[in-house]
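Enquirer: Fit chain B to the given chain A structure using the hints.
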Amino acid sequence: MNQTYGVVAVSAAVVVTLVIGSTGLRISRTTSDFYVASRTVPPYLNAMAISGEYLSAASFLGIAGLVVAQGVEMLWFPVGYAAGYLVLLAFVAAPLRRSGAYTLPDFADVRLESRAARRVASVLVVGVGWLYLLPQLQGAGLTLGLVTGAPRWLGGALVAVVVALAVAAGGMRSITFVQAFQYCLKLTALLVPALFLVLAWHGDPHPGAALDEPPTFRRHTQVTVDDTVRLRIREPLRAVASGAVDGKRYDDERLALEPGVHEVRAGTALRFPPGAPVPARESGDGRGGGASSWAAPLSGGRDEHPLYTTYGLIFATFLGTMGLPHVLVRFYTNPDGRAARRTTVIVLALVGGFYLLPPLYGLLGRIYAPDLLLTGNTDAAVLVLPERLVGGAAGDLLGALIAAGACAAFLSTASGLTLSVAGVLSQDVLPSLGVRHFRLATLLAVAVPLTVSTAAGKLPVANAVGLAFAVAASSFCPLLVLGIWWRGLTAPGAIAGLLTGGGSALTAVALTIAGPFADGWLHTLLAWPAVWSVPLGFLTMVLVSLATRDRIPAGTDAAMARLHLPERPAGRGVPATRRGVTTR
Amino acid sequence: MTGLLLAAAVGALLFAAGLAAGRLLAHRAAQAGADLGTPVERATFQTLHTASAAAPPLRAGLTEDAARKAVRRLRPLFGPAALGLTAEDRLLAWDGPGRHHEEAALERVRHVLDTGRTQTFAVTCQVPDCPVRRGAAAPLTVDGRVLGALVVLGVEESASAVRATEEVARWVSVQLELADLDRTRTGLIEAEIRALRAQISPHFIYNSLAAIASFVRTDPERARELLLEFADFTRYSFRRHGDFTTLAEELRSIEQFLELVRARFGQRLEVTLQIAPEVLPVAVPFLCLQPLVENAVKHGLEESVERSRIGITARDEGALARIVIEDNGVGMEPDRLRRILRGADGSPAGTGLRNVDERLRQVYGDDHGLVIETGVGAGMKITMRIPKYRPGVRSAPPHTASR
Numbered sequence: 039m040n041q042t043y044g045v046v047a048v049s050a051a052v053v054v055t056l057v058i059g060s061t062g063l064r065i066s067r068t069t070s071d072f073y074v075a076s077r078t079v080p081p082y083l084n085a086m087a088i089s090g091e092y093l094s095a096a097s098f099l100g101i102a103g104l105v106v107a108q109g110v111e112m113l114w115f116p117v118g119y120a121a122g123y124l125v126l127l128a129f130v131a132a133p134l135r136r137s138g139a140y141t142l143p144d145f146a147d148v149r150l151e152s153r154a155a156r157r158v159a160s161v162l163v164v165g166v167g168w169l170y171l172l173p174q175l176q177g178a179g180l181t182l183g184l185v186t187g188a189p190r191w192l193g194g195a196l197v198a199v200v201v202a203l204a205v206a207a208g209g210m211r212s213i214t215f216v217q218a219f220q221y222c223l224k225l226t227a228l229l230v231p232a233l234f235l236v237l238a239w240h241g242d243p244h245p246g247a248a249l250d251e252p253p254t255f256r257r258h259t260q261v262t263v264d265d266t267v268r269l270r271i272r273e274p275l276r277a278v279a280s281g282a283v284d285g286k287r288y289d290d291e292r293l294a295l296e297p298g299v300h301e302v303r304a305g306t307a308l309r310f311p312p313g314a315p316v317p318a319r320e321s322g323d324g325r326g327g328g329a330s331s332w333a334a335p336l337s338g339g340r341d342e343h344p345l346y347t348t349y350g351l352i353f354a355t356f357l358g359t360m361g362l363p364h365v366l367v368r369f370y371t372n373p374d375g376r377a378a379r380r381t382t383v384i385v386l387a388l389v390g391g392f393y394l395l396p397p398l399y400g401l402l403g404r405i406y407a408p409d410l411l412l413t414g415n416t417d418a419a420v421l422v423l424p425e426r427l428v429g430g431a432a433g434d435l436l437g438a439l440i441a442a443g444a445c446a447a448f449l450s451t452a453s454g455l456t457l458s459v460a461g462v463l464s465q466d467v468l469p470s471l472g473v474r475h476f477r478l479a480t481l482l483a484v485a486v487p488l489t490v491s492t493a494a495g496k497l498p499v500a501n502a503v504g505l506a507f508a509v510a511a512s513s514f515c516p517l518l519v520l521g522i523w524w525r526g527l528t529a530p531g532a533i534a535g536l537l538t539g540g541g542s543a544l545t546a547v548a549l550t551i552a553g554p555f556a557d558g559w560l561h562t563l564l565a566w567p568a569v570w571s572v573p574l575g576f577l578t579m580v581l582v583s584l585a586t587r588d589r590i591p592a593g594t595d596a597a598m599a600r601l602h603l604p605e606r607p608a609g610r611g612v613p614a615t616r617r618g619v620t621t622r
Numbered sequence: 017m018t019g020l021l022l023a024a025a026v027g028a029l030l031f032a033a034g035l036a037a038g039r040l041l042a043h044r045a046a047q048a049g050a051d052l053g054t055p056v057e058r059a060t061f062q063t064l065h066t067a068s069a070a071a072p073p074l075r076a077g078l079t080e081d082a083a084r085k086a087v088r089r090l091r092p093l094f095g096p097a098a099l100g101l102t103a104e105d106r107l108l109a110w111d112g113p114g115r116h117h118e119e120a121a122l123e124r125v126r127h128v129l130d131t132g133r134t135q136t137f138a139v140t141c142q143v144p145d146c147p148v149r150r151g152a153a154a155p156l157t158v159d160g161r162v163l164g165a166l167v168v169l170g171v172e173e174s175a176s177a178v179r180a181t182e183e184v185a186r187w188v189s190v191q192l193e194l195a196d197l198d199r200t201r202t203g204l205i206e207a208e209i210r211a212l213r214a215q216i217s218p219h220f221i222y223n224s225l226a227a228i229a230s231f232v233r234t235d236p237e238r239a240r241e242l243l244l245e246f247a248d249f250t251r252y253s254f255r256r257h258g259d260f261t262t263l264a265e266e267l268r269s270i271e272q273f274l275e276l277v278r279a280r281f282g283q284r285l286e287v288t289l290q291i292a293p294e295v296l297p298v299a300v301p302f303l304c305l306q307p308l309v310e311n312a313v314k315h316g317l318e319e320s321v322e323r324s325r326i327g328i329t330a331r332d333e334g335a336l337a338r339i340v341i342e343d344n345g346v347g348m349e350p351d352r353l354r355r356i357l358r359g360a361d362g363s364p365a366g367t368g369l370r371n372v373d374e375r376l377r378q379v380y381g382d383d384h385g386l387v388i389e390t391g392v393g394a395g396m397k398i399t400m401r402i403p404k405y406r407p408g409v410r411s412a413p414p415h416t417a418s419r
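Going down the list, the sequences are from chains A and B. Its first residue numbered 39, the first sequence is counted upward by one per residue in my numbering. Its first residue numbered 17, the second sequence is counted upward by one per residue in my numbering.
Only chain A is shown next, with the shape it has when bound in the complex:
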């Protein structure tokens, strides 16, 4: 990949983001006309902003990477990410807006009138925010590493610094415009190269073998292995190696590998002839691949319990979207519940449209970049494809465009998350610091995930996001759904549910990241906690609420009426227009 183009594109994305962020307001809204100034954000713009904030590095890079590695089963990721908004639309969007709450802790406050419930919700918001920031920073490290050759931790640190500065200095003032721009950038950055890639694929005389067969190298390919890997080889394989294989040194020599497991030392370069099957990687982090079942769901080689993990994924993504702190605060921008609902519908369309693209990249990556399976770096598939398929200056330019899009992806999500986490930290978790210490809170909001991401190493981007969704689904989904649709919810019930649901999911996540259990049912249960932790959260909330029936908040009826009654009578949807018009 051409580094100059890449650096220019990424810098351009950063600079344009910051410029729109700090001056967008000035350009678009300085007026002497009250009618112009008091127009609220229209649903389509707000929907673009929500989509821009929502489509993270996991969507942009991670999904394609997972599809490359594990096949069509991973299509549940984009489906779930988009379908989460359907659940949000049906159960949460309008009542949440009508509640007047800005953040999730605010909602707990409105509905339960309890400081304690507010506190617990705040802590969980911070937890979910940090978990979600983790993969963003890792994606940043990956992208910048590929574009500039910088070490992985540097990219994450750089993005953390940029985001912290922008948020702390109030650089995200016209956040709706920034995020809407980010959505357009991300969509363009995937759509335009995708068109070229499809054309190139169409023009390819050998458009790839049947997808169900093990991937093969299409031309002479040199792969340099960054970490020591163990490869499982099914057929005898010839290659040229310089480095150490199976403990024996090679210096640009031919070697023939027999079927079985072979160890390739870090730093070894292997050159494969065209048509050679890509060896499957057998490493501790479970990123297998090359299984013969790429195109068939529920038979992937990665997990022993594919059906369970699929349900885990569905639970987490369908129900977790409503618990993402940076998404919910955007709904406050809508003037009323009806606009919130309309916005959600548009988000569904925008996000759904976007998610058609990553699987395409995954498919092409499987055909044209199979060496990524060997290095395990499948998250890079989207970034390397233009170079592989189109090549030349055009390939470089398209690659740069994708890099800019990836940069937008982690910048927008990370800044939105940082803003939310810092807001909650300064308001609820560290109240002694007062309002003025927002900057300190920003620093804390970024520093913690940065430290963890440096320490935790390579957690696959989309998996880490899945964990954040699982925690959100098992804590906030019960709170929101029961809070909005059930009169009987009490503060002790909500607290107990948040703690058991969210707490157990958080524990599972922590154990997964720390990694004491590498395999077996226990590992599967902990890595995909939503299947058991969401029902656990609901059950605890309902049972404890029933047990403390005398503690139903006094204002429940008023709060429910407020959540569910439209703001103004139907048919008068349009607020009073310019004076005078109404009287004619």
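I should point out that these hints are in silico values taken from the structure, not numbers from a laboratory. Heads up, some of the hints might be wrong.
[As the list claims (entries may be wrong)] Beyond 10 angstroms from chain B on every Cβ pair, some chain A residues (computed):
hint, residue
1, Ser49
2, Val125
3, Leu229
4, Leu237
5, Ser280
6, Arg292
7, Pro315
8, Leu394
9, Thr489
10, Leu581
11, Val582
[What the hints assert, rightly or not] Examples of chain A residues toward chain B, derived with CB under 8 angstroms:
hint, residue
12, Ser76
13, Arg77
14, Ala139
15, Gly461
16, Gln465
[As the list claims (entries may be wrong)] Cβ-Cβ distance ranges computed for the label pairs, FRET-style:
hint, chain 1, residue 1, chain 2, residue 2, range
17, B, Pro407, A, Leu237, 55 to 61 angstroms
18, B, Thr250, A, Leu581, 54 to 60 angstroms
19, B, Pro407, A, Leu203, 32 to 38 angstroms
20, B, Thr399, A, Thr545, 40 to 46 angstroms
21, A, Leu581, B, Glu118, 27 to 33 angstroms
Note that the Cβ used here is the ideal one computed from N, Cα and C, for glycine as well.
Expert: Chain B alone, transformed into the frame defined by chain A:
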């Protein structure tokens, strides 16, 4: 693998147990070890502590929630006895054994309510292991009215038990009186806010009507439009429902206000708006901007002859909305401004500022009062920071019934 998990779980349990034991021991040590004088003194402290723990819930008034907490905290004063609180003859909370004597006790309470005097009574009971033999009920009196009663059911009759019942009832009465005072004070503040909130100055009405009158012959269409503006503006300002509105509504009213001002001063007034659309739905106290804009107009136009510029900016700052109103008018001496905000300055000039400042502080706390930067001849810049969410703050929907 399972062994490791087991070890981890056991470790966590041990840690929690150790933590709990340590806390408990430390607590015990603090209570017993800190040698606090003679037994009599210790008993006094104990009683005072119990009383102070029970006071906060009662300050909310005689509600079920308050009664439940208070009864639970007060019961140690009576040893093994059962304790109940009633509002009129309705039992609010009961702590301890003998709940099945509720009817008999309430019968006595009715008597207490009628006479306003403490009653003692014997209890006969069929239940074999019911410890209750005697009971006492003392009135809770606030402002000479008997609001309810405190009921104590004990094992045996003793003069001291009756005395204790009476004393505790009196103490509860005092707390309830304080709660009553609290309520009165809140009501007073609310009444004050209501009285202060819709203050359009009579001068403004007079001046506007005069300006409109001047257009009636020369430009009847303009006059008609201005009259409609005036009608809309007064309807908004005089509305009776809701203490909060949205920033968008408030801006609409300012537009009408400025339209009327322009009728008087023509092109001398220049207004610049910078409104982040994100903050338009934020709930703000009703008429919290209009007095400030009126102030800016006065400083800019009525007290100087040059062109006047007024800037209104609203920015999104995460959980806050920052609203700034600037003018390039005559400004004010900071000392005088300070006096006005304290309420020490007798002149009616700054009542609008002070009124807004006080309302903001009452609703959002002292961190959210007006921040004013000014100097003589240097214009004035007023900043307010409105939280997007605050419990109890919600904008009333625009009322359309008057149409």
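Enquirer: Go through the numbered hints given earlier and state which of them the structure violates, listing their numbers in rising order.
Expert: none
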